[in-house]
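Peer 1: Hey, can you work out the whole structure from these sequences and the hints?
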Amino acid sequence: MDTKVNLAGVELKNPVMTASGTFGSGEEYSEFVDLSRLGAVVTKGVANVPWPGNPVPRIAETKSGMMNAIGLQNPGIDVFCRRDIPFLKQFDTKIIVNVCGKTMEDYCEVVERLGEEEVDMLEINISCPNVKEGGIAFGQNPKAVEEITAEVKKRAKQPVIMKLSPNVTDITETAKAAEAGGADVLSLINTLTGMKIDIHRRAFALANKTGGLSGPAVKPVAVRMVYQVANAVKLPVIGMGGIETAEDAIEFLLAGASAVSVGTANFYNPSATVQVAEGIEDYLERYGFEHVSDLTGLVK
Numbered sequence: 001m002d003t004k005v006n007l008a009g010v011e012l013k014n015p016v017m018t019a020s021g022t023f024g025s026g027e028e029y030s031e032f033v034d035l036s037r038l039g040a041v042v043t044k045g046v047a048n049v050p051w052p053g054n055p056v057p058r059i060a061e062t063k064s065g066m067m068n069a070i071g072l073q074n075p076g077i078d079v080f081c082r083r084d085i086p087f088l089k090q091f092d093t094k095i096i097v098n099v100c101g102k103t104m105e106d107y108c109e110v111v112e113r114l115g116e117e118e119v120d121m122l123e124i125n126i127s128c129p130n131v132k133e134g135g136i137a138f139g140q141n142p143k144a145v146e147e148i149t150a151e152v153k154k155r156a157k158q159p160v161i162m163k164l165s166p167n168v169t170d171i172t173e174t175a176k177a178a179e180a181g182g183a184d185v186l187s188l189i190n191t192l193t194g195m196k197i198d199i200h201r202r203a204f205a206l207a208n209k210t211g212g213l214s215g216p217a218v219k220p221v222a223v224r225m226v227y228q229v230a231n232a233v234k235l236p237v238i239g240m241g242g243i244e245t246a247e248d249a250i251e252f253l254l255a256g257a258s259a260v261s262v263g264t265a266n267f268y269n270p271s272a273t274v275q276v277a278e279g280i281e282d283y284l285e286r287y288g289f290e291h292v293s294d295l296t297g298l299v300k
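Numbering-wise, full-length UniProt numbering puts 79 at position 79 of the sequence shown, and it's gapless, one number per residue.
Derived by calculation from the structure, the hints in this document are not laboratory data. Just so it is clear, CB atoms sit at the ideal spot from N, CA and C, and this is done for glycine as well. Certain hints may be false.
Across the chosen pairs, the derived CB separations fall in these ranges [unchecked claim]:
hint, residue 1, residue 2, range
1, 116, 31, 28 to 36 Å
2, 116, 1, 22 to 30 Å
3, 202, 6, 50 to 58 Å
4, 64, 24, 17 to 25 Å
5, 290, 34, 32 to 40 Å
6, 199, 247, 29 to 37 Å
7, 116, 220, 39 to 47 Å
8, 56, 34, 31 to 39 Å
Peer 2: Written out as C-alpha cells, the structure reads:
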C-alpha cells in the first residue's frame, strides 16, 4: 500500500499531521509519539515577537469538545528558530510552521525569516484579528484573504498553506480568494467561535468571554466545509476538526481532503496521531485500495 501524499511538491510519508496549537512544537509530545511516524508536525503559531497570550482561565471543557482562548501565546520567531527547528530536524517527518500576526507586516517578517530555515511548508493562520482593521480577523474578509496570501507568497521560499476560518457565511468565498492570491494548499477548519457561562459563579468560563470551539462537536461542520471547498477550488485540502479516530480521518479524505490534521484528541490521547495513521493503513488493506490518494474526494 502506498500511503504517501503530495502537497504542492512536498511528499509526506502518510496523510496524518498534527493540528497547530495542540502539539506544541513537537518536543512536548515526543516521549509519547515517535514523530518519525507522522506525515508532518505542524507547530504552534509563531509570531515575529513573543506573545503573552490572553489572561486565564483560557480553557473550558464542553460537551464533546473544548473551548480555548489561549491567544496564540508563543516565544517568538527567534526562540523558535534557535530551539524548536533543530529539535524537529532530528526526526524523519516534514516540518510545517504555523505563522500568526496582528498586521500584514508581522506575517511577512516571520515568513521572510523562515525562508532562511530548513522547514518544509508554512501554514498561515488568518483567523488572527487584524489590529489595523478594528480587530476583524483576516480570514473573514475575502479581499483581505487574497491580499495577505499574495503578500506572503511574494516572500515565501516554501509552499504556503492558508488556514481558513469557519466563522464566515460562505467558506468557499475565502477559499477562492486564497486560491486567487496564489495559495498552494488550504487547511480547514480552524475553531468555531463559542461561549460558555458558569451558572454557579454567574461568570464567563473564559476570561476572554469567547473562545474557539474544537473537538468532536465540530466534526460534521468541518466535513461539510471541506467537501464544499474541495469542490470549489483546484488546490489540495488538509482537513481537520474533531478527528479522533481513523474512521473520522477517512471521512475527511472521502469528502475531498488530501491529508488530515489531528488536534484536540492529542490532549486526551497523546497517541491519537499514530493510531489514526495505522487505522488508515488497515482501511486501505481491508477495502483493497493501493494508494491512500485514491480515497480523496471519492464521495461526490
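Peer 1: Is 39 to 47 Å right for how far apart the beta carbons of residue 116 and residue 220 are?
Peer 2: holds (41 Å)
Peer 1: Just to be sure I understand the hint, the distance between the Cβ atoms of residue 290 and residue 34 should be within 32 to 40 Å; is that true here?
Peer 2: Violated, since residue 290 and residue 34 (Cβ atoms, about 25 Å apart) do not stay within the stated range.
Peer 1: Mind checking the hinted window 31 to 39 Å against the Cβ distance between residue 56 and residue 34?
Peer 2: holds (33 Å)
Peer 1: Against the range 17 to 25 Å, how does the distance between the Cβ atoms of residue 64 and residue 24 compare: consistent or not?
Peer 2: Distance hint for residue 64, residue 24 holds at roughly 24 Å.
Peer 1: Check the following: the C-beta atoms of residue 116 and residue 31 are separated by a distance inside 28 to 36 Å.
Peer 2: holds (30 Å)
Peer 1: Confirm or reject the claim that residue 199 and residue 247 have a C-beta distance inside 29 to 37 Å.
Peer 2: holds (35 Å)
Peer 1: For the pair residue 116 and residue 1, does the Cβ-Cβ distance stay inside 22 to 30 Å?
Peer 2: violated (37 Å)
Peer 1: Return holds or violated for the Cβ distance of residue 202 and residue 6 against the range 50 to 58 Å.
Peer 2: Roughly 53 Å apart at Cβ, these two residues keep to the hinted range, so it holds.
This entry does not satisfy hints 2, 5, going by the numbered hints stated previously.
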